[in-house]
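Protein chains: 2
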Amino acid sequence: EEVAKLLALKAQLGDNGTKQKFVLKTPKGTRDYNPAQMAIREDAMNTIKACFRRHGAETIETPVFELKETLTGKYGEDSKLIYDLADQGGEILSLRYDLTVPFARYVAMNKISNIKRYHIAKVYRRDNPAMTRGRYREFYQCDFDIAGQYDCMLPDAECVKIVAEILESLKIGNFVIKLNHRKILDGMFAACGVPEDKFRSICSAVDKLDKTFWDDVRMEMVDEKGLAPDCADLIGTYVRLSGGKDLIEQLKQDERLSKNKLVMQGLDEMKLLLRYCDLYGVLDKVSFDLSLARGLDYYTGVIYEAVLKGTPASEAKANGESVGVGSVAGGGRYDNLVGMFDAKGRNVPCVGVSIGIERVFSIMEAQVNMKATRTTDTQVYVASAQKNLVEERLKLCNELWNADLKTEQSYKEKPKLLVQLQYCEEHGIPLAVVIGESEIEKGIVKLRNVATRKEREVPREKMIEEIRLELQQLSS
Amino acid sequence: EEVAKLLALKAQLGDNGTKQKFVLKTPKGTRDYNPAQMAIREDAMNTIKACFRRHGAETIETPVFELKETLTGKYGEDSKLIYDLADQGGEILSLRYDLTVPFARYVAMNKISNIKRYHIAKVYRRDNPAMTRGRYREFYQCDFDIAGQYDCMLPDAECVKIVAEILESLKIGNFVIKLNHRKILDGMFAACGVPEDKFRSICSAVDKLDKTFWDDVRMEMVDEKGLAPDCADLIGTYVRLSGGKDLIEQLKQDERLSKNKLVMQGLDEMKLLLRYCDLYGVLDKVSFDLSLARGLDYYTGVIYEAVLKGTPASEAKANGESVGVGSVAGGGRYDNLVGMFDAKGRNVPCVGVSIGIERVFSIMEAQVNMKATRTTDTQVYVASAQKNLVEERLKLCNELWNADLKTEQSYKEKPKLLVQLQYCEEHGIPLAVVIGESEIEKGIVKLRNVATRKEREVPREKMIEEIRLELQQLSS
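Those protein sequences? They're chains A and B, same order as listed. To convert, count from 1 in the first sequence and add 537; that's the numbering used here. To convert, count from 1 in the second sequence and add 537; that's the numbering used here.
Take the hints with a grain of salt, since some may be wrong.
The list treats identical chains as one, so a pair stands whether inside a single copy or across any two.
[To be verified] Pairs of lysine-lysine, DSS-like flavour, derived with a Cα cap of 25 angstroms: (1) 735 <-> 745; (2) 983 <-> 932; (3) 782 <-> 932; (4) 762 <-> 881; (5) 586 <-> 932; (6) 808 <-> 932; (7) 953 <-> 617; (8) 808 <-> 949; (9) 586 <-> 881; (10) 617 <-> 881; (11) 648 <-> 908; (12) 881 <-> 808; (13) 617 <-> 979; (14) 808 <-> 924; (15) 798 <-> 708.
Derived from the structure by calculation, the hints contain no laboratory data. Computed from a prediction, not measured in an experiment: that's the story for all the values here.
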């Protein structure tokens, strides 16, 4: 009986619903950007790009998809989130998951020994979207990387400096850049008795500490990953530590850790990094934090993560995940990734950082009055006071465009003057050129200041000049 | 026996080939852009963007993939070229094939009644790549569209004006913007006796006239598409015509065509378009060309295509396809596309144009000396004359970055002065700040003009000021 009802309902829908049988939406976890959102976004991206270029970076671009095998074995537990393309004959392809692996492929493929590049582009992850907090399946990354055989911590410190510069100029609130070192983590795991083949999976568990309580992380280590309980507890005592130079000295004295060469090497490097951060004036922005692990497999040295301070961690964890936006930038050193693409295993050491721009947008969108955001740059509007002046308007527009003045007009043949002037006011266009029969006869135009509504007569042949002057006055 | 040989060979490969079992390449039909290519590309894109903004356009962005059903039934014969994503559970998705259908989806979904927007992004087509001529499977489109209920030919003429402005400012050679009208084409098909259900497929055949000879097109019409031979011959007499206002008058007198209302309406609209083109100063750039058809199904009115003049058509056709780059822009009016996405069939008339930027890049790359193209903006290089000055260099860089000066330094602790100065010369960096023990003692820095190799001493506290002055002089 219920089936019959449904069928009847369906037949009914079929009758008057022939046009739209599909759902009108963007794919799950994706969104369109409207003009106001784009204006904010381009603003933020220009700030970021300016910083990258201030540090002497050039830019490259890679395709949105790669051969699937290029991505295989680079992301550890996250590999399941990669989007595959359908097999339509030919190569097996996947959408890029980040910009780092394609960059390493590029460096290896072109046998580049050193490059400092930025790349701003979208990446794709079949993750559980949380769009209110700026987490999408399609999202922008703004990456800056330095590849080349250089001296210890010099490129690494510049990445920290760049993150600090960008987050300060974006004005999205106070932040801290957490620092850690894979050598310290791995050495600490060894010193705590973690078997070497479990390093990466235990690291991946530690990485969740920013989202969940230690108890859950411990459970994952012991129950899921088969770590001995007392071994997990030992790790627990370390990963809760954070600080600065003092913590480095404390760990150097630690009986268990000080016996481990890897830890000691990592601590020396961390000390140098903090020294350079001091010289770069960003020491007060960084925190050496042993709970920072980063999920990805490919990191081999320093790792970074910038977190906005606004949201107290306790509140964030109470909801199971961060309430605020949390991490806004992250990165680290990956010295073996390029070698994975080279036939002879030739390596190019790399370090880089990625700005999580979507989260930045979420904050900026909340800060800004979206309705007051101008989405065009139009400087002049050509309006007519009577009918039958369409050809005259076209001639004026042509003159203004040819003079590189940003100009609009109505696409109606006989628009009402009031409608045209209203358009100017609503869209924040500063100037209007108004013509009528009498102006044409006199060889003049009326130049209107839209905000003050004051008009003055200007000889037609001086129009461009007068508009330029007036725009200059308005912007000063 | 052969199998045994192969197995032995494979075992051999397995031994010393463990590192790289994969091919190091980008997917078929795609490419990376290196920094020099990017510099040229950003230059071209900025020119295009500036023109769109000069005409008062705002920008939007849509996801790189859409629900598959959003794209279904929009592209006619080209639908087979759409990239599908693998079914990994969840929605069935495809990569966008152009920016027009996503734009129409956006307009319908957000119930927008008018918008003038540009969108610069990559689209995806599983076409036969011809990369030497700038034809890729992943390529940029630069789209400008005007949506809204406006008066005849006013938005359409602005699109022509925009194409002319862009192609002129890109300086890639002489061009002609071919114009035609789907109403004229469809009316002509009807007048020649083409059955209505064959309009689109015959139109698609005519579209190939720019790449192949009439004989081949005729064969496709008759043999493949079942058109009566004399009907095809009639079409042949028309599609070879092109001209200006004169041709419009000639066709209005044509016995066969003048009886068709659709043709007459199309001719009147074409006449108005040419009038507006005249007022916009681009009449000498356009040609009313009856062979222009455009492949896509969704066009309903005026259609455009801009072609570079360099390559003689005869030579192009001799090779079976265009030798030069051919079409560099195209578009047209599509009044019913938005309605296809609206539950109530509510329509928003649209007209737009797309710049085929990859072909433009191919030409620009061939014009420019790639090796001389600067890929960074670096203004100052901080160099040290002795060892052990790394901390001093870091302090100087920090000062310069904080003053928004684009600054680089060596990532070596103890770089050689000569190597540092060579880097400046090779990378076209205009200024270098050189420090040594004695400069530090005296509280000065040496400011070096890299091109002239002249150095002068500058008090440390006046460094920023002096650099700004010198940069100003260099750029003037």
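Status of the hints after comparison with the structure:
For the identical chains of this complex, residue 735 and residue 745 are intra-copy neighbours only, at 16 angstroms inside a copy versus 61 angstroms across copies, given an alpha-carbon limit of 25 angstroms. In the homo-oligomer, the alpha carbons of residue 983 and residue 932 lie at most 25 angstroms apart inside one protomer (15 angstroms), although the nearest pairing across protomers, at 57 angstroms, exceeds that limit. Taking the shortest Cα distances, residue 782 and residue 932 sit within 25 angstroms of each other only across copies (20 angstroms), while inside one copy they are farther apart (70 angstroms). Taking CA atoms no more than 25 angstroms apart as the test, residue 762 paired with residue 881 passes in neither setting, with 34 angstroms inside one copy and 55 angstroms between copies.
Taking identical chains as interchangeable, the C-alpha atoms of residue 586 and residue 932 lie at most 25 angstroms apart only when they sit on different chains, with a minimum of 23 angstroms there against 39 angstroms within one chain. Proximity of residue 808 and residue 932 under a CA criterion of 25 angstroms is satisfied inter-copy only: 18 angstroms between copies versus 68 angstroms inside one chain copy. For the identical chains of this complex, residue 953 and residue 617 are neighbours neither inside a copy (59 angstroms) nor across copies (48 angstroms), given an alpha-carbon limit of 25 angstroms. When the C-alpha separation of residue 808 and residue 949 is checked against a cutoff of 25 angstroms, the pair qualifies only between copies, where the shortest distance is 18 angstroms, while the shortest distance within a copy is 69 angstroms.
In the homo-oligomer, the alpha carbons of residue 586 and residue 881 never lie at most 25 angstroms apart, since the shortest distance is 35 angstroms inside one protomer and 44 angstroms across protomers. Proximity of residue 617 to residue 881 under the C-alpha cut-off of 25 angstroms is found in neither arrangement, the shortest distances being 29 angstroms within a copy and 40 angstroms between copies. Taking CA atoms no more than 25 angstroms apart as the test, residue 648 paired with residue 908 passes between copies only; the shortest distance there is 17 angstroms, against 49 angstroms inside one copy. Taking CA atoms no more than 25 angstroms apart as the test, residue 881 paired with residue 808 passes in neither setting, with 34 angstroms inside one copy and 67 angstroms between copies.
Taking the shortest alpha-carbon separations for residue 617 and residue 979, neither the intra-copy value of 73 angstroms nor the inter-copy value of 61 angstroms comes in at or below 25 angstroms. Taking the shortest Cα distances, residue 808 and residue 924 sit within 25 angstroms of each other only across copies (21 angstroms), while inside one copy they are farther apart (76 angstroms). Neither within a single protomer nor between protomers do residue 798 and residue 708 lie at most 25 angstroms apart by alpha-carbon distance, with minima of 41 angstroms and 62 angstroms respectively.
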